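Enquirer: Take these sequences, add in the hints, and give me the full structure.
Okay, here's what each chain looks like letter by letter:
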Amino acid sequence: MGVPRKPVDPPSADADAFLERAMQQYGKATYNFAYRLTGNEADARDLTQDAFIRVYRAWRSFVPGTSFLSWIYRIVTNLYRDELRRKKGRFQEEIPEDNAPQDFGGAKPLAVDPIEDYMAGQLGEPMARSLAQLSIEQRQVIILADIEEYSYQEIADIMGCSIGTVRSRLHRARALLRRLVTRASQQETER
Amino acid sequence: MKHYTDDDIIDYLHHQVSDAIDAQIHAHLALCGDCRDRFDAEASLSDLLRSSARATERELPPMLRAQVWAQIRSARPSLLDRVRAFVSPAFAVPMAAALALLLYFGVPVLRSEQASSSPTVAAAYYFEEHAAEALQNPLSDHLSTSSALASGSDAPVARVNAPLIDAADAATLDDVAASRE
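Chain order of the listed sequences is A and B. Going letter by letter, the first sequence gives residues 4 to 194 in my numbering. Going letter by letter, the second sequence gives residues 123 to 303 in my numbering.
Note that these hints are calculated values from the structure, not bench results. Please note that a few of the clues may not be correct.
If you want the footprint, here are the derived chain A segments under chain B, 3+ residues with CB under 8 Å [what the hints assert, rightly or not]:
no., stretch
1, 37-51
2, 149-159
3, 168-179
Keep in mind it's a predicted model, so treat the numbers as computed, not measured. For glycine and all other residues, C-beta sits at the position ideal for the given N, C-alpha and C.
Expert: Written out as structure tokens, the structure reads:
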């Protein structure tokens, strides 16, 4: 994530007002979406920050009357995917296939702050841990369908794929998540 | 009795089936315990996801907005950056090409305009000048002008050069010639 590589356009009062309003109204929702996607606060902060900088740069491309949240969720999704690809290049880390669960050996993939990661590991509930084991696409489709309650069409627009892909991803992700939650709950009771 | 698949039930749960299918599944669930159990399992998974999301909901970090603004301000191009952008190859090459075209096509046109308009002015000017000079000094080396004026010819000098001078200039020169006589 970090500093944007491209210089921002010359200052515009309209762009400033647009960004300020967007952060006021949708900052929390965007941050929570990023948090659920990344699974940790440090990455969610960077992702949210970069997403709003992208909003500032591209504010003219937002179509009034359409959903701002859908737009910024798409930005967050794309940024996160780019970031993972970049990290994959750096750490030679494989991005799992769509239907394969991510195996990070119990550790979260992008955690930056070890104390925060430790606390999350101690306090994390079975659902959060299970979600973290899904692939990005699976996690994303579940967040959008079940937590954000978007329609398949809206999810397809955000993820840049077809409705059929959304449907099949959701079905596979839910089947996998159910198994993971059951296993995590069993481990909780065994402790 | 037709049973519904898990996929059908998930689509029904997310309100992503047509009204007709929705009504059929709704009616079926009231009668079929097996499908009802599977629907409840899917619904409880969704409930668990939502309650987990609510439990882990975060407030926007207070410094985040300020950090966004700080990054935007630091990334804004300085005056030097703008000058550099102005002379960057992407801008400078088309500008140089446009300038070259302007010079190539524009300058000869200007020159030709000057060339086409200048003889009339120059002839009138020089003729008048010569005439005035000849009046003052008939023996100057402007022989053609001075000799014509000195001979008192009926054909005024201006008429000889009529195509090169306008009517006003010609009248002036006629007056000069008449006063000489």
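Enquirer: Against this structure, judge whether each hint is valid.
Expert: Right, here's what the structure says about each hint:
1. 37-51: holds (count 6)
2. 149-159: holds (count 4)
3. 168-179: It holds, with 5 qualifying residues against the three required.
In this structure, none of the earlier numbered hints is contradicted; all agree with it.
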